[in-house]
Amino acid sequence: MKTSTMKRSYLSETAKKLKPSGIRKFFDLASQMEGVISLGVGEPDFVTPWHVCEASLDSLERGYTGYTSNAGLLELRTEIVKYLQGKFNLTYDAEDEVIVTVGASQAIDVALRAILDSGDEVLVVEPCFVAYSASVSLAGGVPVAVPTSAESEFKLLPEQLEQKITEKTKAIILCFPNNPTGTTMSEQELDNVADIVKKHDLLVLTDEIYAELSYNEEHVSIARFNGMKERTIYISGFSKAFAMTGWRLGYAAGPAEIIQAMLKIHQYTIMCAPTMAQYGALEALKTGMDDVNEMVKSYRQRRNFLVKSFQEIGLDCHLPGGAFYVFPSIKKTGLTSEQFAERLLHEEKVAVVPGNVFGEGGEGHIRCSYATSLSELQEAMNRIGRFTRKYAV
Amino acid sequence: MDNKTVELLEILEKNGRIPIETLAKMLDLKVEEIERKIKTLEEKNIILSYSAVVDWSKAIEDEKVTAVIDVKVTPKRGVGFNEVAERIYRFPEVKAVYLMSGTYDLSVHIEGKTMAQIARFVAEKLSTIDSVISTTTHFMLKKYKHDGVIFEPKKEDKRIVVSP
Ligand SMILES: Cc1ncc(COP(=O)(O)O)c(C=O)c1O
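Sequences listed follow chains A and C, in order. Here the first sequence is numbered in the UniProt record's numbering, starting from 1 and rising by one per residue. Here the second sequence is numbered in the UniProt record's numbering, starting from 1 and rising by one per residue.
Hints listed in this document are in silico derivations from the structure and should not be mistaken for laboratory results. As the structure is a prediction and not an experimental result, all values here were calculated from the model. Be careful, since some hints might not be right.
Claimed, not checked - No more than 27 Å apart at the CA atoms, straight line, and that leaves these computed lysine-lysine pairs for BS3-like: (1) 44(C) - 297(A); (2) 37(C) - 308(A); (3) 297(A) - 30(C); (4) 308(A) - 30(C); (5) 155(C) - 143(C); (6) 142(C) - 64(C).
As the list claims (entries may be wrong) - Chain A is faced by these chain C residues, among others (derived, beta-carbon under 8 Å): (7) 136; (8) 161; (9) 163.
Ideal Cβ positions, reconstructed from N, Cα and C, are used throughout, including at glycine.
Please build the complete structure, drawing on both the sequences and the hints.
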């Protein structure tokens, strides 16, 4: 008989305390079933534009297979700066105000590690991307939820924000257009938030990875307002706009002091983002805007289709201004979001993500991604309609 | 033409079978508005026909034979190339005719049951037209992409079923 000589658990308290992502749980459930139509995917259904793949292949052929500078290829950083200036009117210096990261995910991680001391509070506007709270905890900070609600279409209201600010609040994480709600903020609405941020001397991490996927109005970044650049870390990446999720490439831009601190951490932990991916990204920024526009057009049509279809079957659903998610309320069915998602999966083989995994305020809703072909969306809506009729909607 | 009409055409060009109700939702218009737009587009000959792109190699044993023929012609005074093009495109086996720049003048795409049938068409119908100076026939061996449609698409969705 084998006897264990292990007398203790080797896991850190941090690792033990970390909650597994609710998305993971749902993935395990859905991936065991056959013939599922998935509205659960948070990534484009388009493949990366071929010329971007080609540029990456070409970089390999030319032998660019070593490390790049820690902050990323200067050529790529320069292109990112041009892009941010041209598109969103943001001004950065490619030399010391931009770093290229392994996805927006890593940018969020290094940013938090660069700014947080143990016990610092970070406001997380919920419902939101599942990684924020965990990343704050991993960096030693304390995540504090700021719930938004369906009544205000999940926009962040200045009062909601101000209520949660304490002595210990150091930063706030924003994400518009939002995952999972698709909510966008207008220039005026953001300006009001910026005023509170300045009044309380906070830092802002703004995750604008869905900026290109804005359907109603031009995207506005909070970094653009007076006095905001010096207190904003702008985070984005190539995953969503250019359909490059697997490339793991993102970036952060901000005041030199913070970016240089991030660079130290990045340099010790990652060295640099993958070189071949950086060459692909360079091509994407230089010549990929037509591809983006084509994809955006198609997303907008599908969003319209999905929102109208939800309204038709009797579920309340606001028209989101961006990203590729709709976030209808399922309260009329009398089910919790988790029950709804599980039963829908078992009874009709449609995968959606229960809203509660995205934090406070997400309960009573489901996230449906429309990064799926129109024919699948049509079939999914037939099935969801059949499902909700059973629950007397 | 307004943006939504252009968008409608783009959608229909890719897939002519999307139900009117779906089109209405996608473009945020009423069903009647879509119907009216489509009717007008058809009346104005902007939408000329609806058809399916078929991979015949999968549908029937002996596939059709397709050839592209480069044709040199002497243009006629007053009517240029139009007259000879018209004489050619009226043949039912001719699927497409284009006026080209470069070393030849007309590109004629024809479809037949057998190679012999195409050979006969070239020898007896095409080359005997007065203004035709020469023809060069190329047979198509395999269709990879036609009218923007890839014939053996790798359709499998490689994404995981649920992701952040
Ligand atoms: C809001 C948000 N931020 C960041 C990410 C991760 O992006 P990346 O692939 O660049 O790491 C996602 C992915 O779903 C997201 O939804």
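Taking the hints in turn, this is what the structure says about them:
no.: 1; hint: 44(C) - 297(A); result: holds (26 Å)
no.: 2; hint: 37(C) - 308(A); result: holds (20 Å)
no.: 3; hint: 297(A) - 30(C); result: holds (19 Å)
no.: 4; hint: 308(A) - 30(C); result: holds (12 Å)
no.: 5; hint: 155(C) - 143(C); result: holds (17 Å)
no.: 6; hint: 142(C) - 64(C); result: holds (11 Å)
no.: 7; hint: 136; result: violated (32 Å)
no.: 8; hint: 161; result: holds (5 Å)
no.: 9; hint: 163; result: holds (5 Å)
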